[in-house]
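Visitor: Residue-level listing of the chains:
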Amino acid sequence: MNNNLKSEKLSVASPSEQQSNSAGRQKQEGLRPFKVVNKSVRKIDALYLSQGKPSYVEDLVPENALHVKMLWSPHPHAIIKSIDISEAEKIPGVKGILFHGNVPRIPHCTAGQGYPEPSPYDTFMFDKKVRFVGDRVAAVAAISPQIAELAVEAIKVEYELLEPVLSIDDAIKENSPIIHDEKEAYVPIPIPFEPEKNIAARVGMKSGDFKQGLKDADYTFDKVFETGYAQHTPIETYVSLAHIDNYGRIVITTSTQVPFHCRRLVAQTLDIPVKKIRVIKPRIGGGFGSKQEMLLEDVVAMFAMRTGSPVFFRLSRKENFMYGRTRHPIRFRMQYGVKNNGEITALGMDAINNTGAYGGHGLTVMSCCGSKVFPLYHVENIHFDAKAVYTNLPVGGAYRGFGATQAFFAVESMMDMMADAIGMNPLEFRSMNHIRSGESHPAFAALGEGKDGTAMTVGSCGLAECIEKGAKEIGWDRRTSHKEKTGRFRRGIGMCCLMQGSSVPEIDMGAASIKMNEDGSFNLLVGATDLGTGSDTILGQIAAEELETTIEQMLVYSSDTDMTPFDVGAYASSTTYLSGEAVRKTAAKVKQQILKVAAEMLDKKIEDLEVIDAKVYVKGTEEHVTYSAISYYSLYENNQFQIHAVESHITHKSPPPFSAHFVEIEADMETGGIKIIKYVAAVDCGTAINPALAEGQVEGAVLNGLSYALTEEYRFNENGKMMNPSFKGYNIFSLRDKPELKTILVPSYEETGPFGAKSVSEIPINGPMPGIANAFFNATGVRLFKAPFTKDRVWRAIQQSKKL
Amino acid sequence: MKTITFNINGIKREFVLDSADEKLLDLLRRHGYKGAKWGCGDGSCGACTVIMNGKTVTSCITYAFLADGKDVWTIEGLGTLDSPHPIQEALVNEGAVQCGFCIPGIVLSAKAMLDENPTPDDDTIKEYLDGNLCRCTGYEKIYTALQKVVSKNVEEV
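Residue numbers (the numbering used here), protein chains in the order written: chain F, 1 to 804; chain C, 805 to 961.
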């Protein structure tokens with residue numbers, strides 16, 4: 001096949017190709033310009049996915065699979081006094097029932113994190129106590145979902161009801177009922193854990209003299225912000241399949257972001273060796289953090305082990321809402337001091353995170369409220385105290401943005417309030433205070449994942465350019481004061497600045513394996529977990545760039561704990577930066593082997609050779625051997641060996657991507673409605689390995705952030721039961737809700753990332769909530785402190801402001 | 805069990821219902837048409853969209869017996885790897901496929917729209933695609949891809 005033709009076809013990329021500074025940077029350094037990275041090549045799996053080829057867990061279920069249904073707790077807080085499964089067991093077609101009486105009782109956490117996890121081991125496969133409406137009581141495996149459902153209904157349970165804890169205030173009050181009173185619960189690393197006070201975790205930092213900072217200020221502020229429950233709602237719910245292979249091992253095919261953590265957690269929970277388990281991640285129907293968790297895998301594995309049959313378990317949409325993980329609701333008390341000249345003298349954040357019935361990710365989400373947020377602006381005097389509290393409500397988890405999303409609502413709202421107080425343009429105020437390349441911040445060193453963080457200086461920072469370009473695109477110059485606006489419909493423009501990280505330094509590890517085939521193609525095996533982001537494609541691009549071949553020559557496979565090397569998985573904005581560098585290093589090693597073989601074939605020294613377009617040339621001549629010839633030689637001809645390498649990578653910093661978001665809204669003063677007129681997201685993610693896919697990350701995160709800000713809400717009854725568990729009751733945006741959306745990629749070059757790349761997938765979801773709040777203030781003069789900004793809540797805020 | 809007959813992707817085929825109230829999605833998936841996805845079970849996400857007699861239906865809430873004697877198109881009837889349907893080609897070129905779970909439904913909604921009117925305006929695109937939820941893309945590239953297909957049709961007309 002004519003490679004040139006094909007590669008042209010593959011590089012169609014209508015989206016704005018980055019006219020890249022990165023490429024300029026490459027030239028400066030005397031390197032060749034990029035050939036594969038920084039190009040919008042087609043996502044490698046896009047075509048077959050668009051044709052509906054069987055790819056996802058549910059497409060792979062064998063006909064003889066058993067189906068699982070769960071009996072969920074109807075009560076928020078209760079002891080299971082008795083449970084009778086005898087009637088259920090008698091139903092023909094029922095093959096197994098699991099409940100606390102017949103499974104190991106091993107404390108663990110369901111969060112897929114580094115090991116040992118910075119989360120309390122406060123969960124049991126099944127327990128005698130239920131802690132939220134939707135907690136596990138018993139599971140049935142049967143030959144059909146209908147029979148499993150019947151059997152669930154036939155299980156008789158007697159509960160002793162306990163007083164529920166249904167809010168943050170309930171959780172922290174004196175003599176509050178204790179949710180985790182079991183003595184087995186503990187944290188595997190030394191972090192504060194006080195279950196007797198319903199505290200799942202605590203984290204904080206101090207820098208400088210916070211109180212003095214407040215005293216030195218011309219203006220001080222003390223405000224409370226609050227965010228609510230929300231869910232990722234990937235269109236594919238949680239879904240898992242397990243079967244026993246011919247060796248008697250358990251093979252779990254599951255929709256997960258963390259196959260290796262999942263394997264470890266299932267082994268722990270079932271008390272079996274890791275070697276008994278293989279976890280395969282096929283294509284995933286979206287995750288956004290929700291699937292950084294072991295939620296169904298222990299159950300299908302246990303049933304498969306006990307019955308010997310394949311076992312399938314998929315949550316209904318209602319179950320997904322009620323039992324699945326959520327974004328932690330957080331209440332922030334924010335104290336700031338600012339001088340008339342714009343200097344921020346003090347930053348105080350007291351945060352309480354509602355982690356729900358179990359504490360997974362509670363500490364780390366809190367930590368990221370500081371570590372991924374505070375460094376954005378210079379301030380020496382910091383007070384940060386955060387705790388995650390248990391309630392008898394749905395369980396918090398990892399969700400794109402991971403604490404930074406909630407915290408930026410508070411921080412970026414306050415930035416506008418401070419600018420307003422000192423009479424400074426919010427853009428100017430941010431521009432004079434934001435961190436720049438070469439600068440550091442005390443929060444980097446103070447806040448880690450259950451331990452100290454990692455001190456670092458900021459490498460690349462394109463924030464100034466993001467602000468400039470975004471302001472121009474939205475037409476910031478048109479912005480007028482809210483005081484000049486009257487009438488029912490009022491328009492306003494708001495903005496915010498953002499950062500995130502790229503991977504968890506010194507903790508997270510990614511690895512890759514590359515082997516060469518006869519036609520000069522390469523198998524790239526990665527533990528990194530493509531959950532729809534396109535990471536298989538961009539990792540393929542990185543390998544192809546380093547190997548100086550084309551993306552068509554890369555055969556990418558992810559992820560399978562038997563086949564692919566370890567990777568912590570898709571979270572913490574790590575795949576491009578961390579796993580990408582592992583891939584680049586692996587490719588570099590393979591290239592050295594290729595050169596070695598070529599040297600032998602050409603009878604030259606390696607230093608006399610150069611690689612151009614998958615051929616090794618004797619420098620300055622036309623004499624060459626092709627990759628294909630090299631592979632044949634190495635496999636069949638002389639001194640045979642497999643050209644193959646494995647490399648791992650950990651990072652020593654977590655370079656922040658930076659972003660400036662701008663939004664124009666129209667507020668309806670009579671109904672409290674907020675309409676988005678236009679949204680602009682300018683983002684510096686270093687070199688965009690694939691600009692079209694990077695834009696897609698921004699667009700998807702922004703739209704998710706918009707509905708998170710405006711419509712997405714868990715509505716609970718007095719029993720802590722979610723009352724709107726469907727897409728009819730929980731409103732995520734459709735195409736019709738999409739406003740005009742403009743993404744601007746601002747290139748920079750991060751020295752420590754593969755080909756200059758940083759992360760991009762999480763940061764954009766942080767913008768809509770503060771951006772809209774600031775635009776709403778600019779439209780109306782009314783400040784929104786509680787999210788989401790549903791019509792009724794906004795209408796009440798407007799009425800309240802009239803009384804003042 | 806009752807047997808029904810309908811045209812699937814242009815070919816007449818007999819299907820045996822699993823139960824009288826079996827849903828079309830389940831029947832299709834049992835027979836190997838895995839392209840239609842289950843996403844909500846109440847017709848609100850559109851991942852299970854198929855075309856029946858020229859109109860899209862959410863097959864997760866459509867009784868299978870209603871397909872008897874009808875003309876049903878699923879994603880399996882549209883395009884191949886070597887020769888993708890123009891809608892698929894446009895979505896792939898635009899970078900509009902992320903996790904891909906919603907995409908078969910989106911392709912079929914777009915096809916039903918374009919079969920009815922090859923040159924719809926922007927509002928019509930939004931109306932036809934309103935029932936297909938996507939959580940990955942923000943719809944931006946899906947929308948642009950469909951606009952490009954329409955522009956091509958306009959040129960041809």
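Hints were generated in silico from the structure; no laboratory data involved.
Note that the structure is a prediction, hence the values are computed from the model and not measured.
Don't be surprised by glycine CBs; every beta carbon is placed ideally from N, CA and C.
Some hints could be false.
Derived pair list, reagent style DSSO-like, types lysine-lysine, alpha-carbon separation capped at 30 Å [to be verified]: (1) K874/C / K791/F; (2) K619/F / K318/F; (3) K816/C / K678/F; (4) K619/F / K35/F.
Just so you have them, the derived chain C footprint on chain F, three or more residues with Cβ under 8 Å [claimed, not checked]: (5) 37-44; (6) 53-63; (7) 700-708; (8) 736-748.
Visitor: It remains to establish, for every hint, whether it holds in the given structure.
Guide: Evaluated hints:
| no. | hint | verdict |
| --- | --- | --- |
| 1 | K874/C / K791/F | violated, 44 Å |
| 2 | K619/F / K318/F | violated, 64 Å |
| 3 | K816/C / K678/F | violated, 49 Å |
| 4 | K619/F / K35/F | holds, 20 Å |
| 5 | 37-44 | holds (count 3) |
| 6 | 53-63 | holds (count 6) |
| 7 | 700-708 | holds (count 5) |
| 8 | 736-748 | holds (count 4) |
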